[in-house]
Structure formats: structure tokens, C-alpha cells
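Let the hints inform the model, and build the full structure from the sequences given.
If you read the protein sequences in the order shown, they are chains A and X. Adding 12 to a residue's 1-based position in the first sequence gives its number in my numbering. Adding 12 to a residue's 1-based position in the second sequence gives its number in my numbering.
Honestly, the hints are just simulated from the structure, not real lab data. All residues carry an ideal CB built from backbone N, CA and C; glycine is no exception. Possibly wrong hints are sitting among the right ones.
To be verified - For lysine-lysine, the following DSS-like pairs were computed, each having C-alpha atoms within a straight-line distance of at most 30 angstroms:
no., chain 1, residue 1, chain 2, residue 2
1, X, Lys-503, A, Lys-167
2, X, Lys-384, X, Lys-300
3, A, Lys-150, X, Lys-167
4, A, Lys-167, X, Lys-501
5, X, Lys-150, A, Lys-167
6, X, Lys-17, A, Lys-168
7, A, Lys-21, X, Lys-168
8, X, Lys-168, A, Lys-503
9, X, Lys-503, A, Lys-72
10, A, Lys-107, X, Lys-17
11, X, Lys-168, A, Lys-349
Said to hold, decoys possible - Over the 12 angstroms line for every Cβ pair with chain A, so calculated as not near, a few chain X residues:
no., residue
12, Gln-31
13, Asn-83
14, Glu-201
15, Asn-247
16, Phe-325
17, Arg-363
18, Arg-401
Stated by the list, open to error - To spell it out: a stretch of chain A is covered by chain X in this simulated footprint if at least three of its residues, at any positions, have a beta carbon under 8 angstroms from a beta carbon of chain X; those stretches are:
no., segment
19, 94-105
20, 127-139
21, 153-167
22, 264-278
Take a look at the letters that make up each chain.
2 protein chains.
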Amino acid sequence: MIDQKFIPKNDASLLRKAQALKPVLFHETVRPCRIFRLTENGCPDPDAVLPAGSPAIPLKAGEGLCFDFGNHHVGHIKIRFGSTGSHPDAPALIKLRFAERQEELMEDTAGYNGWISKSWIQEETVHVDLIPGTEVLKRRYAFRYVAVSVEAVSKKYDLVIEEVECDSITSAEDGRLPAYAPADPQLREIYRICLRTLRGCMQDVFEDGPKRDRRLWMGDLRLQALANYAAFRNNDLVKRCLYLFAGSRQPDGKLSACVFHEPVPEADDTCMFDYMLLFVPALYEYWKETGDREALEDLYETAQLQIDLAAAFLREDGTVCTELTPHVFIDWAEGLKKEAAALAVLIYCMRYAAALAAETGDLERESLLRKKIEILKQAALRTYYDPERKCFTDDGQAALALQVWMVLAGVVSGTEAAALLARREAFERECAMMTPYMHHYYVMALLSCGMREAALAHIRSYWGSMAAAGADTCPEIWVQDDPDASPYKGKAVNSYCHAWSCTPAMLLPAYFPAL
Amino acid sequence: MIDQKFIPKNDASLLRKAQALKPVLFHETVRPCRIFRLTENGCPDPDAVLPAGSPAIPLKAGEGLCFDFGNHHVGHIKIRFGSTGSHPDAPALIKLRFAERQEELMEDTAGYNGWISKSWIQEETVHVDLIPGTEVLKRRYAFRYVAVSVEAVSKKYDLVIEEVECDSITSAEDGRLPAYAPADPQLREIYRICLRTLRGCMQDVFEDGPKRDRRLWMGDLRLQALANYAAFRNNDLVKRCLYLFAGSRQPDGKLSACVFHEPVPEADDTCMFDYMLLFVPALYEYWKETGDREALEDLYETAQLQIDLAAAFLREDGTVCTELTPHVFIDWAEGLKKEAAALAVLIYCMRYAAALAAETGDLERESLLRKKIEILKQAALRTYYDPERKCFTDDGQAALALQVWMVLAGVVSGTEAAALLARREAFERECAMMTPYMHHYYVMALLSCGMREAALAHIRSYWGSMAAAGADTCPEIWVQDDPDASPYKGKAVNSYCHAWSCTPAMLLPAYFPAL
Chain A
13 MIDQKFIPKN DASLLRKAQA LKPVLFHETV RPCRIFRLTE NGCPDPDAVL PAGSPAIPLK
73 AGEGLCFDFG NHHVGHIKIR FGSTGSHPDA PALIKLRFAE RQEELMEDTA GYNGWISKSW
133 IQEETVHVDL IPGTEVLKRR YAFRYVAVSV EAVSKKYDLV IEEVECDSIT SAEDGRLPAY
193 APADPQLREI YRICLRTLRG CMQDVFEDGP KRDRRLWMGD LRLQALANYA AFRNNDLVKR
253 CLYLFAGSRQ PDGKLSACVF HEPVPEADDT CMFDYMLLFV PALYEYWKET GDREALEDLY
313 ETAQLQIDLA AAFLREDGTV CTELTPHVFI DWAEGLKKEA AALAVLIYCM RYAAALAAET
373 GDLERESLLR KKIEILKQAA LRTYYDPERK CFTDDGQAAL ALQVWMVLAG VVSGTEAAAL
433 LARREAFERE CAMMTPYMHH YYVMALLSCG MREAALAHIR SYWGSMAAAG ADTCPEIWVQ
493 DDPDASPYKG KAVNSYCHAW SCTPAMLLPA YFPAL
Chain X
13 MIDQKFIPKN DASLLRKAQA LKPVLFHETV RPCRIFRLTE NGCPDPDAVL PAGSPAIPLK
73 AGEGLCFDFG NHHVGHIKIR FGSTGSHPDA PALIKLRFAE RQEELMEDTA GYNGWISKSW
133 IQEETVHVDL IPGTEVLKRR YAFRYVAVSV EAVSKKYDLV IEEVECDSIT SAEDGRLPAY
193 APADPQLREI YRICLRTLRG CMQDVFEDGP KRDRRLWMGD LRLQALANYA AFRNNDLVKR
253 CLYLFAGSRQ PDGKLSACVF HEPVPEADDT CMFDYMLLFV PALYEYWKET GDREALEDLY
313 ETAQLQIDLA AAFLREDGTV CTELTPHVFI DWAEGLKKEA AALAVLIYCM RYAAALAAET
373 GDLERESLLR KKIEILKQAA LRTYYDPERK CFTDDGQAAL ALQVWMVLAG VVSGTEAAAL
433 LARREAFERE CAMMTPYMHH YYVMALLSCG MREAALAHIR SYWGSMAAAG ADTCPEIWVQ
493 DDPDASPYKG KAVNSYCHAW SCTPAMLLPA YFPAL
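Take a look at the structure:
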């Protein structure tokens with residue numbers, strides 16, 4: 013029996029403000045654009061595609077249909093059932109499977125044995141008692157495809173699916189998008205799927221991915237917020253999320269890596285070193301975007317506290333003692349060493365903390381932070397820079413992620429930084445990045461060195477390959493040469509609409525507005 | 013593709029009257045009286061029984077509890093979930109199994125392969141998204157036991173079932189029961205389970221069994237109505253059901269064997285020879301019980317029509333041509349020959365038709381029927397009575413069911429009939445009765461010959477053995493030496509609260525009031 017209970021430190025005033033900012037959800041009724049028959053093993057049959065509005069197809073046990081809604085949606089489903097033959101004399105037992113990508117319907121989900129709960133798999137088995145009648149599913153799903161198959165039905169009738177309707181939900185408002193669209197076809201497509209991704213993740217909070225966690229993660233939020241400023245501009249939603257983080261924290265004041273917002277807002281007991289720190293740039297960027305002084309004043313202390321709490325884990329030599337810190341995320345890449353990157357993230361976030369201090373006139377703090385940054389920068393160079401290999405290493409490993417964070421932290425800069433980033437392929441061979449989240453920071457590092465061409469080439473190559481693979485939205489994990497990659501040891505639970513992947517929605521208009 | 017469509021013959025005026033008689037449903041909130049832990053294979057563990065109100069037990073994947081509500085209920089379930097450990101970070105996937113008898117929870121329901129739909133098995137798999145939170149299941153179930161097991165849950169928390177509540181529903185009103193209870197302990201127990209059975213089946217209509225069909229069957233209704241007159245006396249519910257039958261019929265005017273009442277009243281396309289005829293005694297008995305002249309006038313023609321439509325299947329020699337009639341039910345007994353019994357049921361129902369004609373002053377019809385009865389009685393004796401074996405046979409088979417119907421039809425009577433029924437064991441060896449429905453008619457036949465002691469002995473033996481087996485309600489099928497008997501080739505779908513089994517609720521007070 014687990015009996016220890018984590019008691020988050022709640023601030024009722026901040027949480028009240030967060031709850032007052034609950035967004036309006038916009039609803040759109042969507043109908044399928046085409047229908048596939050399912051093969052015997054439950055896959056959509058490419059040779060049996062029917063246009064929407066085709067005459068209803070009577071289904072016996074073992075048969076089914078897949079409804080394609082034409083794009084990714086987050087929302088609820090209702091199905092109107094009818095029958096042919098005799099009056100239905102027994103319930104129909106149906107199975108529903110929701111898929112963000114068509115390939116998911118080929119997964120052996122029963123065989124999933126990964127380390128996060130299989131309860132995330134979007135499948136339901138439902139008895140339909142009243143036929144004709146309409147079944148409204150209570151849960152929310154993230155999907156483009158809905159496969160409905162008949163598990164059991166009486167021999168006296170065939171089940172007919174007369175209509176499937178999706179109530180698509182988002183707190184993103186298309187009307188607030190800027191008048192921007194890349195002329196370049198590839199970039200236009202990348203921009204489109206990034207917007208769709210952000211839209212799907214904008215719900216009551218900025219969710220990391222609507223298929224699964226459905227909650228606020230700090231690292232994800234920071235990137236979503238940046239994309240949001242350039243796209244749907246629901247700045248109150250960013251504010252709400254910042255208040256949720258600050259309003260429910262770890263008992264010692266650290267920000268949790270994620271916050272639950274239902275049934276009531278509550279911090280998770282998980283803390284991550286880099287995620288707690290990323291609150292600082294997120295607050296700074298929100299302030300610069302909105303000039304919202306109330307938020308700055310409400311959240312400033314919390315932001316500065318994260319720096320101090322993180323700095324408490326520094327060794328005398330100025331390196332981060334990751335044996336004692338909370339988990340450091342950086343990326344899902346397996347085998348990635350994280351001690352040096354943790355220091356780089358701390359320095360990076362300290363710069364934002366200093367800038368925040370300057371904004372509030374807290375000049376003493378600013379000066380203190382600037383001194384500390386210089387000390388840590390020297391520690392980073394001294395400890396992790398390998399003059400022979402001319403790059404940063406951590407326990408002998410020269411991962412690209414590490415170089416990226418050292419560049420972003422300003423530990424190296426200018427031509428030296430540019431030269432480092434130009435050696436990307438060699439570092440990737442040593443430890444490759446796995447998440448679009450880390451790829452975003454790679455692009456940011458390139459841009460910070462003025463390497464616009466390389467940044468654009470990487471957006472084209474990486475996000476372009478998602479678009480080329482037919483994605484409607486950007487996935488949580490994208491490894492170009494390994495489509496089956498999953499940090500969970502089973503891609504049945506992978507999220508294919510994951511907001512940390514949507515940053516070209518900001519990168520393209522901000523850095524390549526003329527393309 | 014099934015494309016032929018059965019169009020029932022509806023009478024809007026009769027159906028309107030039926031709908032106006034929709035009963036009030038009474039609700040009672042019931043909580044479990046004890047809780048079992050489930051063993052690894054999902055059975056209630058007799059060595060791990062906890063009293064209700066025990067501290068909540070944290071459950072991991074693979075674990076579960078069985079809640080015993082202490083008696084049979086028909087209704088809805090809601091469950092309040094909580095957790096121990098970290099904040100729930102993934103839905104809980106739970107499986108619910110509802111069982112009328114504890115033994116059902118030991119069934120391999122996945123292996124059920126019988127001929128009626130497995131969609132009748134009372135099992136659900138449900139995702140619980142919000143914890144803490146309350147899950148209200150939409151469907152109605154018939155059960156005493158509810159097993160809840162955890163299929164999947166995140167490793168970060170254990171699921172806790174904080175409260176399970178049943179909203180028990182019936183249109184039977186305890187306050188209307190007569191002040192009657194047998195003093196004899198065995199009879200008191202039989203009476204109790206019969207009342208409980210009737211109560212569970214009294215819903216929007218007299219359902220045959222609340223676990224499964226949930227609809228009106230004629231043969232069942234007739235017996236339920238008789239029990240109801242002696243017990244809950246909801247006579248309007250009987251009236252409603254008679255109107256539902258008459259209000260939606262086969263295209264040629266025959267009464268269907270069963271009628272659906274949801275989503276709208278509609279006859280099933282199934283017709284059964286004996287079931288269509290049993291409307292006649294059911295109407296007669298309703299009239300005698302209530303003196304409701306409106307019903308008599310509205311339904312008289314329909315009743316008489318059933319006799320004429322059935323008589324149209326008579327051969328010139330006065331026997332029933334069962335190759336042409338709708339299916340004849342009589343009993344679920346396998347191998348039972350039914351031609352002779354069909355004639356006996358026709359004669360039996362003709363007697364009620366004649367009595368109905370007398371009640372309405374339709375004396376010409378009465379006289380015609382009496383003459384016809386005499387002719388058919390002679391045909392029955394001539395064709396089916398074997399003077400050597402001194403019993404009725406059908407194609408060489410001397411089943412007890414046949415003797416019973418011949419006695420009830422008055423084809424034999426007095427000491428001759430009594431002598432026939434006294435040879436029960438020999439006839440049972442030839443083809444044994446399988447349903448309490450047929451056992452009821454056996455008891456009625458005994459009583460019609462004045463064999464009160466034998467009738468009582470049979471009630472004690474047959475219904476007493478159900479009670480001795482710990483039943484809370486009377487099952488659809490009860491074969492004393494074969495507890496696994498199922499007419500469906502799989503007892504997972506057997507109904508254990510089936511109203512055609514409840515007639516001792518009437519037999520005991522009517523025939524043995526002093527015991």
C-alpha cells in the first residue's frame with residue numbers, strides 16, 4: 013500500500029486567478045469525409061473506400077467501418093445507430109478505436125507492454141442498447157480516424173451506422189490568426205500542421221498532447237506560449253497556465269514539472285530541474301508580449317525562487333550535482349548525459365531571471381545574477397569544454413543537445429558557437445536528439461548564431477519530413493530514420509499531436525516572414 | 013444484406029392507451045453489505061470477506077473487489093473512486109462484471125459461444141478519467157454482485173473504490189403486498205424468492221428477465237400477471253402489457269411472441285403458436301380480476317382472432333399442422349415433440365375464449381367454440397391417446413409436458429387425469445421438463461385434479477431446491493440434477509431472475525393459505 017501523501021503548496025489567490033481565466037471552448041460539428049471498410053483484422057481497407065454520404069452499410073459481428081474526419085480533431089463523438097433485418101433483439105457490442113494517424117489502427121494494442129499505463133490507448137467497448145438510437149460517448153478523444161467494429165450482435169439484425177458526428181473542441185480561435193501564410197509550398201504545409209497541432213492542444217489549459225496526459229507541462233508550455241503569441245494569441249490562456257504552475261507547487265516551493273487542472277488544480281509530485289527553470293523565460297516572454305504588470309508582480313518571486321532553488325544544487329566548483337537535483341529532462345534520447353546540459357539550462361534561465369529583475373527594477377538582484385552567470389559560465393568552460401575535441405563533453409559524451417544548450421546559455425558564442433553547431437552530424441552520431449522539443453532548441457541555437465540558412469534547412473528537413481509523411485499534426489517523437497521510436501517502449505501510446513513540436517508556427521513568421 | 017422488412021400492424025389508439033399506463037418506477041438506494049477481494053482469476057475469494065464500511069483498499073492493476081448487495085437488484089450503479097499515492101496521472105481502466113448469482117463470476121464469459129448474442133453478458137470495460145470522481149454507469153443491470161477489477165492503472169497511484177451505490181428500480185410496490193407470509197420456513201423462503209423475482213421483472217413492462225431481453229413475452233406475461241394479482245397488484249401494468257401486445261401485431265393480426273417497448277412499442281417478427289393463444293387466458297384473468305370493461309371491449313376481438321388464426325392450422329382430422337404453424341414453444345426441453353401439445357394448448361385457450369364470449373354476451377360465439385372444443389378433444393383422444401400405454405404420446409414420445417397440457421385442456425379429467433399425472437417419473441425419464449414455466453403448468457394440472465398434496469410436494473421439491481441452492485430469485489432454467497443446463501449452449505447468458513418462475517407467489521396464498 014502506498015500511504016505517503018504528497019501535499020502540494022497551494023496559493024489560493026493565484027489559483028483563483030487561474031480559474032477565473034478558464035477559456036471559452038469553441039465547438040465545431042464535423043462529419044467524416046470518407047469511410048473505409050475494415051479488413052478482417054481491423055485495419056482500414058484501402059481498396060474499400062466510400063465517399064461520405066454513401067448508403068448505410070449493414071454490419072454483422074466481426075465487421076466494421078473506419079470514419080476519416082479529414083483532419084485532426086479533439087472532441088466528442090456521437091453515433092446514430094440503426095439496423096436492417098428484424099427489430100434488434102439484443103444489444104450491439106461495439107468496439108471503438110480512435111487514431112490520430114491511420115497507422116495506429118494497425119497497431120496490436122492488446123500487446124502493448126510499455127511503462128506508461130495502457131489506459132491511455134484510445135479504445136472503448138460499448139453496449140448499444142437502444143436501436144435505433146444515438147450513442148454519445150462521454151470521454152474526449154484526439155483523432156482523425158474512428159474505427160467502429162461490431163464485436164457481437166444478434167443474428168436477427170445487422171447494425172447500421174447511420175451517422176457519426178464529432179464535436180471538435182478548442183480554445184484556439186482561427187479569427188485571431190495573423191494574415192500570414194508562407195508562399196513556399198513545403199513551408200506552408202509545415203506551418204499548417206504546426207497550427208493544427210497547437211489548436212488541438214489548446215483546451216482548458218495548454219495540454220502537452222490531447223491524446224494522453226491532457227495536462228500542463230512546463231517545458232511544453234514555454235514553447236506553446238511562444239507559438240501562441242505568433243498564432244492564436246490567446247494570451248490569457250498562457251497567463252492562466254503560469255498561475256496554475258505558481259499556484260500549486262512542491263512543498264519546498266519548486267515548480268512541479270506538470271500540474272493537473274482537474275478535478276481541481278494540483279501540482280504533480282514530479283519535479284524536473286530544467287522544467288522548473290523554464291518558468292523563468294516563460295514569464296519573461298509573457299511579460300514582454302503583454303506588458304501585464306499584475307502577472308509580473310504576482311509571479312516574479314516564484315520565478316526568482318526557481319533560480320535560487322536550482323542554484324542550491326551547485327557544487328563548489330560551479331557544476332550541478334545531478335545526483336541531488338530532481339530529474340533533468342533535456343530530451344528523450346536514450347543514454348544522454350545530462351549534468352553539463354543542466355548547468356547550461358541553469359545559466360540560460362539565469363539570463364532571463366536577470367532580465368526580469370531589470371524589468372522590475374530589482375537591480376541588486378540583476379547584478380548578483382549577472383555575476384553568478386559569469387562564474388557558472390567559467391565553470392562550464394573549465395569543466396566541460398574539451399580543447400582537443402573542440403566541443404563540450406559530459407563524461408566523454410559530446411551530444412548535440414549539450415552543444416545546443418551551451419550555445420543558448422552563451423557559454424560560447426559568435427563564430428565559435430557557429431563552428432560547433434556546424435558539426436551537427438558528428439554529435440548526432442554520438443547521441444541523437446529524439447524530440448521536436450530539442451530540435452526546436454537546436455534551431456534557436458542556429459538562429460542565435462545568425463545561421464539562418466542552416467536553421468531553415470533544418471526546419472525543412474525535420475518538420476518537412478513530418479509533413480511529407482502525411483501528418484496532420486506534429487508528433488511527440490520524431491526520429492527521421494526510425495518511425496517506430498517510442499520513449500515508452502510501445503508506440504501505441506505515442507502522442508501524434510504534441511504541442512512542443514509546433515514551434516515553426518512561430519519560427520517561420522518571426523524569422524522567415526518573406527518565404 | 014438483410015433487406016426484407018417486417019412491418020407490424022399497429023393500432024395507434026391501443027398503443028396510446030398502453031403508453032398512458034407507463035408505471036411509476038420506485039427507486040431505492042442500496043449499498044453493499046459485504047465485500048470480497050477477488051482472487052487472481054477474478055473470483056470472489058471466500059477467505060477474504062470484509063464487512064461493508066471497511067477501510068478502502070488500494071488496488072493495483074490485476075486486483076479487484078466484489079461487492080455483495082445482499083439481494084437481487086435491477087438498477088443503476090455509481091462508484092466513487094479515489095486513490096492513494098501520487099495524483100492519478102493516467103485514467104484507470106476498470107472492468108465491471110454484474111452477476112445475479114455468485115457462481116456467474118466464475119464463468120469463462122470470454123469463451124461463451126452460444127446461439128444468442130454474447131452482448132447479453134453483463135460486463136463493461138470503462139475508463140475512469142477523473143479521480144477523485146464519481147462514475148455513473150448509463151446502462152441498467154440485474155445483479156446481486158458487482159465485481160470491479162483494475163485492468164490498467166498507472167504505477168504512480170493505486171485505485172480506491174470509496175463507495176458503490178445501487179439505484180434499485182422497480183414498478184412493484186411493497187406496500188401493496190397482502191398481509192401474507194407462510195409460517196412454514198421452506199415455503200416462506202420460496203415465497204420470498206418468488207416475490208423478489210416478480211419485483212425485479214416489474215419495470216416499464218413485465219419483463220421476462222431483467223438481465224437479458226427486458227421485454228414482454230406473452231407466455232411469461234400470463235404467469236406474471238397471475239402472480240401480480242396475488243402480490244403487488246399493479247393491475248394497470250398488466251393492462252399496459254395487454255394493450256402493447258394488441259397494439260402492435262404481426263401483419264396478419266397474430267400476436268407476436270414478444271413486443272419491444274423501446275425506443276417505441278413494436279411487435280417482434282417472432283410468432284409462437286402457444287404464446288399467441290395465451291393472450292386469451294391472460295385477458296380473461298385480467299377481466300375477472302379487475303372488471304375493467306374498457307379493456308374487455310378493446311381487446312376482445314384480438315383475443316378471439318387468435319383462436320381463429322390458430323384454428324386455421326388445423327388439419328381435417330382436427331390435429332394441428334405444426335409444419336405450417338409458427339414455432340410451438342411449450343418448454344425448452346430438447347427433443348420434445350410438440351404437435352399434440354399444440355392441440356392441447358389450443359383447446360385449453362378455446363375454453364377461455366368461450367368463457368370470454370360468455371362474459372361479453374357473445375353467446376353464438378360461445379356455443380360455436382364449445383362445439384369446436386368437443387370436436388378437437390375427440391381428435392386429441394383419437395390421435396394421441398395410446399390405450400396400451402394409457403397415456404398421450406406424440407410420435408411415440410410420452411412427455412410429461414404433453415400429459416400436463418392434455419389434463420389442462422380437459423381432454424382427460426378426474427381420476428383418469430390424476431392417474432396420468434401420478435406417473436410423472438416415467439414420463440420425465442422420456443422427456444424431462446426444463447423450465448419453471450412448464451413446472452408451473454404441471455402444478456396447475458395437479459391442482460386441477462385435486463392433487464393438492466402432490467402439488468405442494470412438487471413446489472417444495474422444485475422451488476425448494478432453488479431456495480436451498482441459495483437463490484435470491486428464481487431462474488429461467490432449473491433442472492434439479494443439472495445446474496449447468498442452458499437452452500443457449502452457454503449458461504453465461506442464462507437469466508437467474510425470470511418471472512415465469514415466480515408463480516408460487518400466487519400458488520401458495522391461493523391454494524395453501526394456511527401453511
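Query raised in the report: Can we confirm that no CB of chain A comes within 12 angstroms of the CB of X/Glu-201?
Result: holds, 33 angstroms
**Report entry** Given hint X/Lys-167 paired with A/Lys-150 - CA-CA distance at most 30 angstroms
**Finding:** holds, 25 angstroms
Query - Consistency of the no-contact label for X/Asn-83, given chain A and a CB cut of 12 angstroms - result: Holds, because the least Cβ-Cβ distance between X/Asn-83 and chain A comes to about 24 angstroms, which exceeds 12 angstroms.
Requested in this report: Below or equal to 30 angstroms on CA atoms is what counts here, so check X/Lys-168 against A/Lys-349.
Outcome: OK: X/Lys-168 and A/Lys-349 at ~25 angstroms, within 30 angstroms.
Query raised in the report: Are the Cα positions of A/Lys-107 and X/Lys-17 separated by 30 angstroms at most?
Result: holds, 27 angstroms
**Report entry** chain X over the segment 127-139 of chain A, status - at least 3 residues with CB closer than 8 angstroms
**Finding:** Since three or more residues must qualify, the claim that chain X covers the segment 127-139 of chain A holds, with 9 doing so at under 8 angstroms.
Query raised in the report: Given the hint that X/Lys-150 pairs with A/Lys-167, does the C-alpha gap stay at or below 30 angstroms?
Result: holds, 25 angstroms
Query raised in the report: In terms of beta carbon proximity below 8 angstroms, does the segment 264-278 of chain A have 3 or more residues touching chain X?
Result: holds (count 4)
**Report entry** Status of the stated non-contact between X/Gln-31 and chain A (beta carbon gap over 12 angstroms)
**Finding:** holds, 16 angstroms
Query raised in the report: Between X/Lys-17 and A/Lys-168, does the CA-CA distance stay at or below 30 angstroms?
Result: holds, 12 angstroms
Query raised in the report: CA of X/Lys-503 to CA of A/Lys-72, is that 30 angstroms or under?
Result: holds, 23 angstroms
Requested in this report: Three residues minimum, CB to CB under 8 angstroms: does the segment 94-105 of chain A make the cut for coverage by chain X? Let me know.
Outcome: As far as the segment 94-105 of chain A goes, the hint holds, because 9 residues have Cβ atoms under 8 angstroms from chain X.
Checked against the numbered hints above, the structure breaks none of them.
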